[in-house]
Amino acid sequence: MSEPSLPHAHLSKKTFQGNFFEDFELGDRLIHPTPRTITAGDVSLYTALTGSRFAIYCAETVAQQCGFEQAPIDNFLVFHIAFGKTVPDISLNAVANLGYAECQFLTPCFVGDTLSVESTVIGLKENSNGKTGIVYVHSVAKNQHDKVVVSWKRWVMVHKKVPSSPTGVDSLPDLARTVAITGEHIPSGLDFSHFNPQWTSSPYLLNDYQSGEWINHVDGMTINPSDHSLATRLYQNNAKVHFDAFAMQQERHKQPLVYGGHVMSICRALAHNGLANGLWLAAINGGSHTAPSFAGDTLYSVSQIIDLGNIEQRNDIGWLRVKTYGLKNVTAEQISQFIEEPKSLIDSQVLELDYTLLVPAKSDH
Amino acid sequence: MSEPSLPHAHLSKKTFQGNFFEDFELGDRLIHPTPRTITAGDVSLYTALTGSRFAIYCAETVAQQCGFEQAPIDNFLVFHIAFGKTVPDISLNAVANLGYAECQFLTPCFVGDTLSVESTVIGLKENSNGKTGIVYVHSVAKNQHDKVVVSWKRWVMVHKKVPSSPTGVDSLPDLARTVAITGEHIPSGLDFSHFNPQWTSSPYLLNDYQSGEWINHVDGMTINPSDHSLATRLYQNNAKVHFDAFAMQQERHKQPLVYGGHVMSICRALAHNGLANGLWLAAINGGSHTAPSFAGDTLYSVSQIIDLGNIEQRNDIGWLRVKTYGLKNVTAEQISQFIEEPKSLIDSQVLELDYTLLVPAKSDH
Amino acid sequence: MSEPSLPHAHLSKKTFQGNFFEDFELGDRLIHPTPRTITAGDVSLYTALTGSRFAIYCAETVAQQCGFEQAPIDNFLVFHIAFGKTVPDISLNAVANLGYAECQFLTPCFVGDTLSVESTVIGLKENSNGKTGIVYVHSVAKNQHDKVVVSWKRWVMVHKKVPSSPTGVDSLPDLARTVAITGEHIPSGLDFSHFNPQWTSSPYLLNDYQSGEWINHVDGMTINPSDHSLATRLYQNNAKVHFDAFAMQQERHKQPLVYGGHVMSICRALAHNGLANGLWLAAINGGSHTAPSFAGDTLYSVSQIIDLGNIEQRNDIGWLRVKTYGLKNVTAEQISQFIEEPKSLIDSQVLELDYTLLVPAKSDH
Numbered sequence: 053m054s055e056p057s058l059p060h061a062h063l064s065k066k067t068f069q070g071n072f073f074e075d076f077e078l079g080d081r082l083i084h085p086t087p088r089t090i091t092a093g094d095v096s097l098y099t100a101l102t103g104s105r106f107a108i109y110c111a112e113t114v115a116q117q118c119g120f121e122q123a124p125i126d127n128f129l130v131f132h133i134a135f136g137k138t139v140p141d142i143s144l145n146a147v148a149n150l151g152y153a154e155c156q157f158l159t160p161c162f163v164g165d166t167l168s169v170e171s172t173v174i175g176l177k178e179n180s181n182g183k184t185g186i187v188y189v190h191s192v193a194k195n196q197h198d199k200v201v202v203s204w205k206r207w208v209m210v211h212k213k214v215p216s217s218p219t220g221v222d223s224l225p226d227l228a229r230t231v232a233i234t235g236e237h238i239p240s241g242l243d244f245s246h247f248n249p250q251w252t253s254s255p256y257l258l259n260d261y262q263s264g265e266w267i268n269h270v271d272g273m274t275i276n277p278s279d280h281s282l283a284t285r286l287y288q289n290n291a292k293v294h295f296d297a298f299a300m301q302q303e304r305h306k307q308p309l310v311y312g313g314h315v316m317s318i319c320r321a322l323a324h325n326g327l328a329n330g331l332w333l334a335a336i337n338g339g340s341h342t343a344p345s346f347a348g349d350t351l352y353s354v355s356q357i358i359d360l361g362n363i364e365q366r367n368d369i370g371w372l373r374v375k376t377y378g379l380k381n382v383t384a385e386q387i388s389q390f391i392e393e394p395k396s397l398i399d400s401q402v403l404e405l406d407y408t409l410l411v412p413a414k415s416d417h
Numbered sequence: 053m054s055e056p057s058l059p060h061a062h063l064s065k066k067t068f069q070g071n072f073f074e075d076f077e078l079g080d081r082l083i084h085p086t087p088r089t090i091t092a093g094d095v096s097l098y099t100a101l102t103g104s105r106f107a108i109y110c111a112e113t114v115a116q117q118c119g120f121e122q123a124p125i126d127n128f129l130v131f132h133i134a135f136g137k138t139v140p141d142i143s144l145n146a147v148a149n150l151g152y153a154e155c156q157f158l159t160p161c162f163v164g165d166t167l168s169v170e171s172t173v174i175g176l177k178e179n180s181n182g183k184t185g186i187v188y189v190h191s192v193a194k195n196q197h198d199k200v201v202v203s204w205k206r207w208v209m210v211h212k213k214v215p216s217s218p219t220g221v222d223s224l225p226d227l228a229r230t231v232a233i234t235g236e237h238i239p240s241g242l243d244f245s246h247f248n249p250q251w252t253s254s255p256y257l258l259n260d261y262q263s264g265e266w267i268n269h270v271d272g273m274t275i276n277p278s279d280h281s282l283a284t285r286l287y288q289n290n291a292k293v294h295f296d297a298f299a300m301q302q303e304r305h306k307q308p309l310v311y312g313g314h315v316m317s318i319c320r321a322l323a324h325n326g327l328a329n330g331l332w333l334a335a336i337n338g339g340s341h342t343a344p345s346f347a348g349d350t351l352y353s354v355s356q357i358i359d360l361g362n363i364e365q366r367n368d369i370g371w372l373r374v375k376t377y378g379l380k381n382v383t384a385e386q387i388s389q390f391i392e393e394p395k396s397l398i399d400s401q402v403l404e405l406d407y408t409l410l411v412p413a414k415s416d417h
Numbered sequence: 053m054s055e056p057s058l059p060h061a062h063l064s065k066k067t068f069q070g071n072f073f074e075d076f077e078l079g080d081r082l083i084h085p086t087p088r089t090i091t092a093g094d095v096s097l098y099t100a101l102t103g104s105r106f107a108i109y110c111a112e113t114v115a116q117q118c119g120f121e122q123a124p125i126d127n128f129l130v131f132h133i134a135f136g137k138t139v140p141d142i143s144l145n146a147v148a149n150l151g152y153a154e155c156q157f158l159t160p161c162f163v164g165d166t167l168s169v170e171s172t173v174i175g176l177k178e179n180s181n182g183k184t185g186i187v188y189v190h191s192v193a194k195n196q197h198d199k200v201v202v203s204w205k206r207w208v209m210v211h212k213k214v215p216s217s218p219t220g221v222d223s224l225p226d227l228a229r230t231v232a233i234t235g236e237h238i239p240s241g242l243d244f245s246h247f248n249p250q251w252t253s254s255p256y257l258l259n260d261y262q263s264g265e266w267i268n269h270v271d272g273m274t275i276n277p278s279d280h281s282l283a284t285r286l287y288q289n290n291a292k293v294h295f296d297a298f299a300m301q302q303e304r305h306k307q308p309l310v311y312g313g314h315v316m317s318i319c320r321a322l323a324h325n326g327l328a329n330g331l332w333l334a335a336i337n338g339g340s341h342t343a344p345s346f347a348g349d350t351l352y353s354v355s356q357i358i359d360l361g362n363i364e365q366r367n368d369i370g371w372l373r374v375k376t377y378g379l380k381n382v383t384a385e386q387i388s389q390f391i392e393e394p395k396s397l398i399d400s401q402v403l404e405l406d407y408t409l410l411v412p413a414k415s416d417h
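As given, the protein sequences belong to chains A, V and H, one line each in that order.
If you number the first sequence the way the working numbering does, the last residue is 417 and the count never jumps.
If you number the second sequence the way the working numbering does, the last residue is 417 and the count never jumps.
If you number the third sequence the way the working numbering does, the last residue is 417 and the count never jumps.
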């Protein structure tokens with residue numbers, strides 16, 4: 053995408069235009085505005101916007117039989133709200149969200165919890181064109197009890213304020229390729245000992261999956277113009293590229309871009325068919341939005357099981373590492389072709405998401 | 053509609069493709085996945101999606117003066133959520149929803165209640181073309197206290213897995229033409245003794261209506277693309293025909309179909325103008341979606357009073373049996389013409405819904 | 053807009069067609085139907101529909117540090133719900149909403165509060181064409197404890213039932229040009245003594261603003277078809293012009309009009325960038341929808357500080373009178389031009405809103 057055209061006159065000094073590459077320094081700590089309380093309204097909207105049906109978030113009865121006092125909030129919703137908080141400071145002038153790593157969910161959220169988010173700059177690399185640079189941040193969302201809810205790293209390509217003066221900045225952080233799942237990733241209270249497959253209609257438990265196995269989630273979901281903008285506003289993510297159709301007519305894609313997190317959530321919701329027992333999102337190991345999505349696109353998803361394992365001292369719960377791909381506007385034949393040769397649909401692939409789910413390891417029903 | 057084209061290769065065995073006609077046997081009991089807690093978020097979304105304004109659901113103060121401890125959930129919303137649960141097992145491969153009968157609301161729902169739904173196969177009839185068959189089910193939604201909230205029967209035309217092998221199945225259930233309203237249809241606590249017409253702005257009580265009377269509800273409501281897909285996802289109804297615009301381009305109508313229940317709710321909301329005191333949905337006697345609706349259609353509704361009556365030992369409440377017709381994209385002249393000759397607009401008629409409302413029989417204001 | 057074409061036959065006497073100019077008499081008191089309880093679902097939808105990020109409404113933690121027991125409801129949301137109640141009786145046959153005055157917020161609202169609304173006719177003026185007249189009403193919304201939440205005056209142009217018979221009615225009310233802010237406009241408990249700029253990321257307090265200062269809020273927001281109709285139905289505002297695309301094809305603009313209040317809320321949300329500490333809406337001094345908005349329009353906003361001041365015996369809070377202009381489908385250059393010469397973009401200007409915000413006067417951080 054070319055540089056956004058910003059108003060050049062009469063800008064009040066009180067208006068914030070977002071940070072540019074030169075505004076970030078290694079070690080900078082940014083406290084993001086607008087702490088946010090999560091409500092039952094957010095949960096219903098998330099269901100309406102994505103069609104998600106993972107049982108533990110949908111029913112108080114199921115949540116209680118899984119050891120929670122009340123239904124927890126879907127960690128994808130938690131992530132989008134937390135992520136949205138970082139946008140005004142980190143990615144308002146982003147050219148692209150390049151990647152995610154080490155996203156870990158450490159405390160479950162419930163209706164009424166309030167998230168406060170801050171980020172630390174952990175890496176900076178100027179691009180050789182002198183026009184842009186890559187900013188790496190480590191972001192942390194805490195709840196009202198100061199407990200870390202979710203911690204993640206991401207890197208974005210950001211415009212430079214003065215494109216013609218290279219600064220030579222080049223400092224890359226070490227990033228883990230996967231989050232090693234341990235007991236700390238099991239939310240307090242979670243217990244799948246009494247898991248009942250009738251909740252989900254899926255009999256498949258941890259050891260029914262195999263590394264390398266592909267799942268075609270079959271169903272498709274069309275993104276309507278309001279869907280993605282409602283979702284993105286709900287998360288209070290104010291990146292300009294999602295909302296201003298008039299200005300976007302002048303940009304490369306001639307229209308607003310769908311927030312990549314909405315694509316994640318749609319693909320996750322479609323993955324219910326085949327992964328219904330992948331109930332708890334423990335970590336996002338990595339992710340990339342390989343092509344943009346627009347209103348009117350229809351999304352499909354396929355997943356490959358990458359790995360799975362047990363957790364020490366727990367025989368009720370295991371983890372499943374999954375790579376889910378989002379494909380847009382493809383036929384059933386093309387989806388089959390993708391599974392045979394995953395690099396074959398590069399123009400239609402909109403998402404590659406590597407994440408780890410907690411799954412019941414046994415059923416007493 | 054022609055048969056949906058399903059992916060034919062690489063289908064994981066863990067992905068559920070829905071049941072086909074041969075998968076159902078008389079007496080089968082299906083426990084539907086994903087119990088669902090109803091929240092304040094669902095209620096607000098229902099208002100935003102339909103514009104419904106029936107007073108008893110909108111205000112705690114009104115609900116309390118009607119004998120409830122808190123505002124009850126609109127039974128149309130309850131029905132759609134309960135219905136949505138049955139879709140993955142019953143109608144994922146449905147060609148058409150053919151009809152409803154004996155839908156009775158037996159326990160009121162409140163914010164926080166959790167619905168669990170199951171169905172029994174009560175009838176099966178193979179069509180003479182050997183390609184499809186009709187499945188009759190009796191579905192029951194219970195709350196977390198194991199009380200029946202809503203019980204209904206419906207029949208759907210479902211694809212056969214193997215179109216060429218007729219099985220000769222032909223077993224039809226007995227279905228009542230109407231639900232006889234008794235005390236069990238009055239929700240616990242409901243008392244219209246202190247009904248105040250200022251709540252609804254309508255002075256019309258039970259005996260102000262007459263059998264045969266027609267009401268033109270006058271107003272129109274256009275269905276936008278996001279409206280119906282948001283509603284259908286909120287109900288976790290995952291029937292493919294509502295969501296996948298890309299695949300639907302290959303089907304007869306070239307576009308997604310609006311969930312028939314959304315049409316019901318829009319027509320019910322429009323019927324507020326003339327039936328504002330028809331506060332409580334006690335039963336749906338029958339219903340059919342006489343033509344499909346699409347995004348962009350504008351709906352209008354007219355109703356005819358079929359019958360009305362009192363309920364033993366209650367002088368505060370009576371029942372009104374109403375037939376509401378949904379018409380799309382019609383002029384005021386055409387609506388008037390329809391009332392004179394109801395079969396005259398067959399291409400524009402999208403709904404015929406026969407239902408029974410509880411109505412205040414007197415006012416102490 | 054020409055007169056709406058109403059069905060002329062078979063109209064049930066139970067259907068309400070709205071009031072015409074001749075139906076109003078000076079001093080008439082109208083008790084509007086459907087009291088409405090505000091819920092957490094309404095709050096989430098308001099966020100999703102507008103992208104509003106004013107901190108005091110978003111987080112329980114912030115609200116509590118500002119002296120509230122829980123997060124209050126945004127007064128713009130309160131206003132739209134209260135306003136919606138008046139539509140069936142006042143403006144169903146309105147040609148145009150001409151203006152607002154003396155809108156004062158006197159009691160804060162919280163989740164669970166129920167609004168009941170009534171209006172008094174305070175002025176009537178027949179237009180010289182004999183076809184329409186202007187109705188002035190004073191509307192008051194009270195909560196379940198009978199406390200006035202919001203009180204406002206507005207005037208609308210309404211069709212006459214019989215266009216050919218002038219009645220000579222001409223009685224105009226006195227309307228104040230501004231609401232003088234006093235202690236009664238500070239909601240009970242509100243205390244900005246511990247205001248922390250980290251909540252909002254804006255360091256600008258009361259005395260950082262100057263009369264005459266212009267703020268270009270920079271960002272744009274496109275209105276999608278579902279956005280405005282969802283919002284308007286949420287507020288249970290049933291004015292025909294917003295919902296019936298089929299009938300509107302025959303009218304001057306060939307399409308539904310966006311509810312002016314949705315335009316207000318979008319402009320207010322955009323104004324967060326530059327006015328993030330204008331946390332509490334105390335009054336709307338006046339407002340006019342200078343041109344209609346339609347689905348697809350992209351809104352921008354600019355504000356001018358009109359005046360500011362302190363409140364007796366309070367050193368933590370002051371007031372800021374702001375005029376916010378909504379502009380549609382304009383370039384950055386045109387926005388700059390508008391600030392230099394505010395009357396230069398008359399066709400693109402959709403809103404002029406004069407309102408007063410409560411702002412922290414000091415920070416202890």
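Hints are not guaranteed to be accurate.
Which copy is meant is left open, because identical chains are indistinguishable; a pair holds if it fits in one copy or across any two.
[What the hints assert, rightly or not] The calculated lysine-lysine pairs, modelled on DSS-like cross-linking and capped at a C-alpha distance of 27 Å, are:
1) 375 to 66
2) 395 to 66
3) 66 to 199
4) 375 to 395
5) 183 to 66
6) 177 to 199
7) 65 to 414
8) 395 to 65
9) 213 to 306
10) 414 to 177
It should be emphasised that the hints constitute simulated quantities derived from the structure, not laboratory data.
Task: Indices of hints not satisfied (ascending) - done: 3, 6, 10
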